[in-house]
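Chemist: Going down the list, the sequences are from chains A and B.
Residue numbering for the first sequence follows numbering that gives the first Met the number 0, starting at 0 and increasing by one per position.
Residue numbering for the second sequence follows numbering that gives the first Met the number 0, starting at 0 and increasing by one per position.
Derived from the structure by calculation, the hints contain no laboratory data.
Don't be surprised by glycine CBs; every beta carbon is placed ideally from N, CA and C.
Where hints are given, some of them may not hold.
[What the hints assert, rightly or not] Restraint ranges, calculated between C-beta atoms of paired labels, are given here:
{"#": "1", "chain 1": "A", "residue 1": "K97", "chain 2": "B", "residue 2": "R262", "range": "32 to 38 Å"}
{"#": "2", "chain 1": "B", "residue 1": "D83", "chain 2": "A", "residue 2": "R262", "range": "28 to 34 Å"}
{"#": "3", "chain 1": "A", "residue 1": "R154", "chain 2": "B", "residue 2": "K165", "range": "51 to 57 Å"}
{"#": "4", "chain 1": "A", "residue 1": "K127", "chain 2": "B", "residue 2": "F212", "range": "56 to 62 Å"}
{"#": "5", "chain 1": "A", "residue 1": "K113", "chain 2": "B", "residue 2": "G16", "range": "24 to 30 Å"}
Number of protein chains: 2
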Amino acid sequence: MDKEAFAISCFNNEFIGDDGAVVGNFVYAKDLFVEGTHFLKHWLSLEQIGYKSMTVNISDIIVMNALPKYALLGLGIPKNTSSDDIKSISNGINIACKEYGVKIIGGDTIASDKIFISLTLIGELKNKPIFRKNLQTNDFLAFTGSLGDSLKGLRALLNKGSISKKSRFVKPMLKDKFFYKASKFINSSMDISDGLGLDLEKLCLASRKGVKFIKKLNTLQIKSGEEYEILFSFSAKNLKKIRQISKQTRTKITIFAKATKGRYKSNARKHHF
Amino acid sequence: MDKEAFAISCFNNEFIGDDGAVVGNFVYAKDLFVEGTHFLKHWLSLEQIGYKSMTVNISDIIVMNALPKYALLGLGIPKNTSSDDIKSISNGINIACKEYGVKIIGGDTIASDKIFISLTLIGELKNKPIFRKNLQTNDFLAFTGSLGDSLKGLRALLNKGSISKKSRFVKPMLKDKFFYKASKFINSSMDISDGLGLDLEKLCLASRKGVKFIKKLNTLQIKSGEEYEILFSFSAKNLKKIRQISKQTRTKITIFAKATKGRYKSNARKHHF
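Here chain A stands alone, though its shape is the one from the complex (with noise of 0.2 Å):
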């Protein structure tokens, strides 16, 4: 049984079942960034930790065209942690809060035996949301940034070994600028944080769409979890502004295939308890 699929399934309604939910002129995120499970207390400062927590939410209103606003902060630290301890966690929010122009607005913090960080992202719609269930028959389908550095710095970390801190792993670089700009003729979106394979089927699922790959990829590509690049789909009429768009705001994209009817299921294994 997939635990998460399944617990969504309980609260099935047409809010849920993207990277936010949109009311009105508001989206909400909501992502859980937790001690074990997301990362282990010596592969991360507590800075890094914290930055990295509020990015990848940040992250969620942006592929949706809105912009992150405000943020509710649920924090759970040992018993044993320090006011510096404390200090460097919110620092490290603080970092990506000031980056992204959002306020911490509340939250609540209490004792756990390990770290974790529940953050909600508030964000404001510039223009029109942008769904996973928008991906039309022969759109181009895109990402942004290169694959596959997030899942190789994960796997020197389980090797024991150390990465850079400029490893996507530590570091997701949200391609903001980009995607704002490009979005009026952008069709589909999401991020790609379970890996280009298992988010693109999410992605075709949501629409009911197949896939044809136009270019090939490498399993680091298809597989690397947690790169935060954007994938995003376009009509083929708005190639040519994409492509400026990308050039303007120096952020490399990479057309990989063209959505048709069907159905698509990737071979990548599922990372969900």
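Assemble chain B onto chain A, guided by the hints.
Modeler: Here is chain B on its own, set in the frame of chain A:
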């Protein structure tokens, strides 16, 4: 060091410091409800855990004078949790949602050693928000319902006894009907989660006021936390109206003090870590 207060101080701004954060016409509140901190697993059924986690968050929205509308749910559950168990937790949450007209619009589910529920509630303001910081000198201070039952229940559980499923520790009874109706006559309010003594101290601190007791309360009434009754204040000129609404809505209220200039410090012990 009070770690919660320290964590809050790391993010200080004008939104923080009340039961909920007001942004435009919306009120946001976030609470964590965690096994080992707020409950032991054998104290409450999974359905009761789900129900209580929702109602304590809804309580925060009500005392700000907003209508609870939407919620985002972060759910941490052990790997061996069965689908029946997930169903039980979600049943409890859904019962509370139905009772108060709330829709779950998103969230996240992960594996964790202990059950934790992180809820963000979104409320819509009917009228003016009611803050802690608006307690006026000479206001009457009152609370809804009866205080003490929750601590009595907790003590029974700590002594390996059992409690009725009607105990306030198990099932908070929110006083929304009275509060919404009385709200235009109310100056300041908050819910009683840490105990009347400590919560009164917070109310007074937010408003820079003191307290003169006009009614003797017992230790149980002063110390019992997780009551989710409402502590509120109103001007003497509205006393008759408040009594009327209390009668109309069959909601017991106890007027126990008057606000004064000065400060108030409770000698109740803090539970925070």
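Chemist: Each of the hints needs a verdict: does it hold here or not?
Modeler: Each hint tested on the structure:
1. Between A:K97 and B:R262 the CB atoms are about 35 Å apart, so this pair conforms to the stated range of 32 to 38 Å.
2. Roughly 31 Å separates the CB atoms of B:D83 and A:R262, a value that falls within the hinted 28 to 34 Å.
3. For the pair A:R154 and B:K165, the supplied restraint of 51 to 57 Å holds, since their beta-carbon distance comes to about 54 Å.
4. For A:K127 and B:F212, the Cβ-Cβ distance of about 57 Å falls inside the hinted range of 56 to 62 Å, so the restraint holds.
5. Between A:K113 and B:G16 the beta carbons are some 28 Å apart, a value that agrees with the proposed interval 24 to 30 Å.
Violated hints: none; the structure is consistent with every hint.
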